[in-house]
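**Student:** Residue numbers (our numbering), protein chains in the order written: chain A, 1 to 114; chain B, 115 to 229.
There may be inaccurate statements among the hints.
Chain B is faced by these chain A residues, among others (derived, beta-carbon under 7 Å) [stated by the list, open to error]:
| hint | residue |
| --- | --- |
| 1 | Y39 |
| 2 | P40 |
| 3 | F46 |
| 4 | L48 |
| 5 | G105 |
Subject to a maximum C-alpha distance of 30 Å in a straight line, what follows is the list of computed DSBU-like cross-link-like pairs (lysine-lysine) [claimed, not checked]:
| hint | chain 1 | residue 1 | chain 2 | residue 2 |
| --- | --- | --- | --- | --- |
| 6 | A | K69 | B | K158 |
| 7 | B | K155 | B | K168 |
| 8 | B | K158 | A | K77 |
| 9 | A | K69 | B | K155 |
| 10 | A | K49 | B | K168 |
Simulated from the structure, these hints should not be mistaken for lab results.
Backbone N, C-alpha and C fix where the C-beta goes; we use that ideal spot for every residue, glycine too.
What follows is the residue order along each chain.
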Amino acid sequence: AQSVAQPEDQVNVAEGNPLTVKCTYSVSGNPYLFWYVQYPNRGLQFLLKYITGDNLVKGSYGFEAEFNKSQTSFHLKKPSALVSDSALYFCAVRDGTIDYKLSFGAGTTVTVRA
Amino acid sequence: EAGVTQFPSHSVIEKGQTVTLRCDPISGHDNLYWYRRVMGKEIKFLLHFVKESKQDESGMPNNRFLAERTGGTYSTLKVQPAELEDSGVYFCASSHDTGVSYEQYFGPGTRLTVT
């Protein structure tokens, strides 16, 4: 079984400040981790993924995420948030090569104020 | 290339009625997935097609839901009869393959409201 928890329903930050969206996961095997973002009236857009290798993964739009195996976390970060980063963010996990199904968290709404 | 498209974008129906959702995957993608997000909760897997064959429908809630993918191109998801708890956003995704190198590309979703 696999699951994802996003402990914060909402994150509010001022433009220019660092942004962090938290994610913890649970899988039986090797975790393959993903972040997706949904802008209003748009589909889920892939941001980045961790499969193996360097624990710090860089993705689209200046986002990065750090895989922490001991804490089973995969937090999404951006050093300097933009108003245009305001959206709904989803963390997802799949259980290595065993399963292709993605298990998502409930999502975190990010609001960046000017 | 064109992305995953879904139709309609919104649907409002009464309890007991039938609704059919459509998904057009990215051209050339053999794998097609349906997911659902209910009441602002997590997005949950419904089923997976490889071409026209159902590979996994373990996430389908009950037999009121029927998915098809005739010819291995577009897919439909029919809900008959609809119940109040079926309200939510239905996402379709496609991928070229199921390996981890192949991201699932998602459509904009269909928001279904059952009244």
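**Student:** So, for every hint listed, does it hold in this structure?
**Tutor:** Verification of the hints:
Taking 7 Å as the C-beta cut-off, the interface hint given for Y39/A is violated, the closest approach to chain B being about 10 Å. Annotation: P40/A was flagged as interfacial toward chain B, and the flag is violated, the nearest CB pair being 10 Å apart, outside 7 Å. Checking F46/A against chain B by beta carbon gives a least distance of about 5 Å; that is within 7 Å, so the hint holds. Taking 7 Å as the C-beta contact cut-off toward chain B, the hint placing L48/A at the interface is violated, the least distance being around 10 Å.
Nearest Cβ of chain B to the Cβ of G105/A: about 6 Å, under the 7 Å cut. The hint holds. Between K69/A and K158/B, the direct Cα distance comes to roughly 24 Å. Compliance with the 30 Å bound is thereby established for this hinted pair. With a C-alpha separation of about 26 Å, the suggested pairing of K155/B with K168/B holds against the 30 Å cut-off. Simply put, K158/B and K77/A have alpha-carbon atoms about 25 Å apart, close enough for the 30 Å limit, and the pair holds.
The suggested pairing of K69/A with K155/B holds, with an alpha-carbon distance near 25 Å, which does not exceed 30 Å. Taking the CA atoms of K49/A and K168/B, the gap is near 27 Å; set against the 30 Å cutoff, the hint holds.
Of the numbered hints stated above, those contradicted by the structure are hints 1, 2, 4, listed in ascending order.
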